[in-house]
Structure formats: C-alpha cells, structure tokens
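Take the sequence shown: its letter number 177 is residue 177 in the working numbering, and every next letter is one higher.
Take these hints with a grain of salt, some might be off.
Unchecked claim - In silico BS3-like cross-links for lysine-lysine, where the CA-CA straight-line distance does not exceed 30 Å:
(1) K579 to K626
(2) K71 to K200
(3) K455 to K617
(4) K185 to K157
Said to hold, decoys possible - Distance ranges between label pairs, derived from CB positions:
(5) K43 to T428: 30 to 38 Å
(6) K158 to E359: 33 to 41 Å
(7) A364 to E637: 31 to 39 Å
(8) K158 to I471: 51 to 59 Å
Source of the hints: derived by calculation from the structure; they are not laboratory data. For every residue, glycine included, the Cβ atom is placed at its ideal position computed from N, Cα and C.
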Amino acid sequence: MISLTCTDIPREGDSGKFVEINTEVAEHYGIVNGAPIKIKGGKTTVAIVQCQPNLDPNIISMGSTIRINAKVREGDEVEIAAVSAAPMEAAVIAPVARDLTEAEMEMLGSLNLDVYLSKLDHFISYINGEPIEFQIMKCKPSHGWLTSATNCKISSKKSRKATIEVPSISFDDIGGLDDTIEDIKEIAIVPLVHPEVYIKSGQEPPKGILLYGPPGVGKTLLAKALAREAQCKFITISGPEIISARYGDSEKAVREIFQQAKREAPAVIYIDEIDAIAGNRKDSRGELEKRILTQLLIELDGFEERGQVLVVGSTNMMETIDPALLRAGRFDRRIHVPYPDITGREHILEIHSRNMPLEEIDLAEWAKRTVGCSGADLANLCRHASSTAIKRTFGLQRLINPDSFSEEELTELKVNQEDFEGGFENFTPWATSERRPASIGRVEFDDVVGHDVAKNELIDHLVQPINHPEIYRSLGISSSGGILLHGPPGTGKTMLGKAAASLANVQFMAVSGPDFLSKWVGESERAVREIFQRAEELAPVVLFFDEFDAIGRARSNSESAHHSSSVVAQLLTMMDGLKSSDGIYLMASTNKPELIDEAFLRQGRFNRSIEVGPLEKEKFLEFFLKATNNIASDISELEWTGCISQMKDRATGAELQGLVESLKHITARRCIVQKTQVCLKKEDLMKTFSEYRILNVAGYQPEQVIIEEEWEQEDIEDWTNDEDDDWVVP
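Generate the whole structure from the sequences, applying the supplied hints.
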C-alpha cells in the first residue's frame, strides 16, 4: 500500500465517483486508470481512480463524499491499494438525512449511477435537481459497480447507520464563489478541523462568521457546504422556530440550541436572516426581540467554554444588524458574498443544467446575457427553460392527462436554445425589482453606432482598469475616479455606459434624481447612502447617475438651495469614501455640464469628461441598417442613401430611432390593410419621410422626397432647378 495526503478534488461535480492520483505513482504501484482502488483512512472505502500527469505525487485528490466514506479530512494521510473490480449484484440503500416522501420515491425510480461503492458508503443522487445523500446499507458482494443492472431496493426511511449526518450540499454544488469559498475554508474550516494550531499560537480561533450579500447568491448553501467539508453537525436557527408567546421560552430555545451544539461538537450553528432576531435595539423593536438578542449575545460571549462550535449568520440587510453583535469575539469575521461574474455564471448554469436533457446550448453565451443574475436567478432560468421544453414537447392536453408517461415518451424530451429563450422572457431576476435599479442583459459596443472616440476613451479609462487591475496597481494608478458623459439628449450616453459595463463583465446600476429626492428632511441624504450600499452589494458594478445635473447641481447660498446642497454634500462624502478595492465604478451623464457643481469635477471624483455628440450623416446608413436588420426588407442601401441625402448633417440616435419607429408603424398599417406578410418596402420609406419632418434639411418640403433609382449614367439627362420650380428627376 502507498500513503498519500488528502486534498480537495478540482471542481468537477462531487458525487463520490472518483479520486485522482499522479500517473507515475499509479504505474509504479500497478494501479490502472479507471479501475477501483481501496482507500484506508479512519474507515476503509473504495473509489475509481483517475490518473493525472501533473498532480503532485504525494497527494490524492478526492471530493467531500469520498472523504466522508474514508473518515478523513483535507490534510489527513490515507493508504491506497488496487482491488479487483466486481459488479454489485444486489444492494439496499437508504437516505441519510431524512425520510423520503412518496412523491420523491416515485421520482427517484431506479438509480442509474454507474458508481463504485462498498458497504456503508455514502453517495449523492439528485431528485428534481436537489442533491439527496444515500447510504449503502447492505450489498453483495462487499464492494462493486452500482448500475442499472443491480437489484436495488430503495428504502424511504432514514438510515440509522450513517457515517455522519451532514448537509448533502458540497462546495462543488456552488458556482461562482471560488474566492469566497477559499476565505471560508481558511477562516472557518481550519478552526473546526485543527483547533490545536490556534491553541499553540496562544489565540482563540474565530467563533462567529457573518455572511452578507443580496438574496439568492448562495449564503445558506455556503454554510451547509462548510458543515459538510468540516464533517460536523449542522444546526439551524430561524426566527419563527424560537419565538414563543410564553415569557422566557424563546431565550430557553436559544440556550438549548447552543447546549446541543456543545454536546455534538464539532458543530456549526447557522442563523438565517439574522437581522430578523438581531436588529438594532435603537430602532423601535419589541421587548421579545430585545430579549432574544440579549440571550444570543450571552451565548456568543460564552461565559462557559463553547468548544468546537462555530456560529454562522447570514443577512442581506447588514445596516440593520445591532452593532453589539459585530464586535470582536462574537462575529469576528464578515464575508461579503457577491453576485457571480461571467465565469461564475457559466459554472452555475453548468451545475443546474447537468441533469437536464440538453441539446446543443452555448452556456458561455447565456453567462454573458445574464449579467446581474444571482445563482438563484440562474436556477430559476433553468427551471423556466425546462417548463417551456415540457410544454412544447408534450402539449397541455397530454400533461393534464393522468396517464403516466412511458420511457419512450420521456426520451423525446430535449431542452434546446428556443426553450431557454422562452424561459428568459418569462423570468424576472431579483436585481430588477423596485429595490434594485440594476440592469439585466448585455449591450455590446457594436450595438452603439458611431461615437468611436468616446468608446476608445471608455475602454482606456474604465474597461481596462477593471479587467487588468494588477497592471494599474503596479503603476500606482487609482481607478476610483469617475467618468462624466456629456452631450445633447438622445445621443446614447446611457447605452454607452451599459455597453462599457458589459465589455468589462460587471453589472450596471442606473439611478436618477427621483431615486434620491424626498420632501422629508434627511431622507434624501439617507437615499444617497442606501444607493451606495446597494452598489456595494452588486459589486463589481458601474454605478451610473443619469441626468446628473438634477442631483449634482452647483450649490448656492439661498435658503431654497439648502436641501439640494445637503444632497450634494452627501454625494461628495460617499464618493470620497470609495476605494478601488470596493468594486464600484462611477459614471454620470448630463446634457447641461455647466450646471454641475465644480467640486464633482476634481481629481478622484469625475476626473474625466467625455463628449457624446450627435451622429454625423455618414453614420446614418449604418444606424438604419442595424435598426432594421431583424426585419424582412425590400429597401436597398441605395434607396436608404437617397433618403439620407435629404436629411440634415447631424442627428441624435433618438431622432434616427424615431424615424425607424415611424417606418415600422407605417409598414404595419399597410400590411394590415393589404393583408400581406411583414416586409419593409420603398413606398413605406417614402411615406415615412413625408410624415417624419424632424430630420428634413432646411427648406425641404415633405412632398419633395427623392428616392434615387439605380440608373445607368448614360440614362440620366440634364436637369435644372430654379427658384420657382420643384426638383425634377427624369
């Protein structure tokens, strides 16, 4: 046998199927790639081995499930040896954490895992996308391949011989939070697994961790995975469970939970939505909540030694937590759980779609399109796509028919790109709710016609510092300064800001005057603080102030301007408090830059100003073709050019879009009257120019529209235009 050190397996989805060792080590000891091996730690188990040429020869990588089966943790030594493979003829399995319902038993059916296991081993299966942990109670022979050919009896009753009862969620089930997971492993798991290192250092290990971030990003999943990784008891506290009408019962419930954790240590006590029972006592709260908070503070202080008990709290309202709870010795560490970036979103989509019958779907493209979505939002997107596929495949009449589906019918179910498109239309991400003025979706720079100078400046001063922060830090360049876009209304300033955020793969949060202003004293300043707090939750994020002159107007000494001056002062204070590490990047737009207070324009605030003007005439054709490229059209480029020649030299994107919308309406009216297929035609374009006068050149009359034909040069006769005659083209 050979002795190796355990490490966590690279994130490939931990279902307890395989371990990894170095290829040369395997060859030296006669271990064959893809064959089973025996692993001896605190307990003996089996697993399939995969050989990796670049792996450290002294380690063996394994997921949390196999570590539970071997009764080892990361850093422990195990002995391995080759064993002969055999099929598992019969097995009895049972759930580990709880009894299964009848509905779950029906959905479970027969297991088809193709996994190598031994008696009393744990493994993970999925019911409706939820990971459920099972245990092999009996098997014949003592180890072998569990496949569809195995005579398998599934018990609905919870196992009484579980190696350990921990949540079935592992870190491999959580996508997009790699940095946060590393922080949790360092801060939380090491004290639970190796308290001796803290004893030797003469310092107490952290006793409490507070996870904070917006809903749906995975705070509860992180706490459950923490308990599984550390192989310790997981105990939850929620407000409704401990609140009692009888005096003293709520405090007693808190005490009993901590006493249970001490008895069953090592243990993790998880307090979900801790702000509900530990809100600031200065606010008008009831006596019961104050007594519960006091009891919680007493338990956290630990007049008696708490042992290997870690308390983990979670909240999405950090500002409402009582300050007494946040001091050292209670919740020592606070970990921000952010929204996933593009790589994280792709990983989350892979996790939630791994059991879906997918056709060819580009998940990387969907990761780009779902900027601003949390993990829960992406899971919801997959559910909506599945629902769309089910309805498309079977139809409503078949779905409401009580007859069971045959295996042949079920094999017809496939989830394709159109199903994801339909699901995307029907789900609403949490960040788009009223409380979060965040934008979902992606805008490319190619979607914005013209403005090449502005685009290049945004790339140089916003996108590159976000994508390559290490280079800018090494040069001592701060990225905390903001960018001010100025130009006439309708030129595309907001769209440019969103496109820059998309190119940098960060979120985009747009706010305007009404989000700040209130008639109540102090409420506007409070709104400013809340906007920056929301931006911190969404970070990394581009915080975009639309029509900034409405909220950043130059201050004066008049009494009527006192209210707006206090808002300006609060904005300046919040902007000065930003650091590059906060992940909040400021942008603003205005069509009246002369009205903005000069204090905003100094270095470190909005230190760069970019003009976004109207489009030149040579860009009009590109705009029109792009705006109509998804509509059937018989209008040639030459006909567009003929119309453009009659237009003024400069126009905003909004003006050009107005002409396109007018063209669409005229086309719609004609198609309805003539009962024809939708198609843009030359006559629609001519009528549009006769009605849409805002872009006409000076002195140009609507009835004088000219559409140039594709004539040969020799067919064009001379023509004149005197001041009394209309233009004539023969």
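Hints, one by one, checked against the model:
no.	hint	in the structure
1	K579 to K626	violated, 39 Å
2	K71 to K200	holds, 25 Å
3	K455 to K617	holds, 19 Å
4	K185 to K157	violated, 33 Å
5	K43 to T428: 30 to 38 Å	violated, 47 Å
6	K158 to E359: 33 to 41 Å	holds, 38 Å
7	A364 to E637: 31 to 39 Å	holds, 34 Å
8	K158 to I471: 51 to 59 Å	holds, 55 Å
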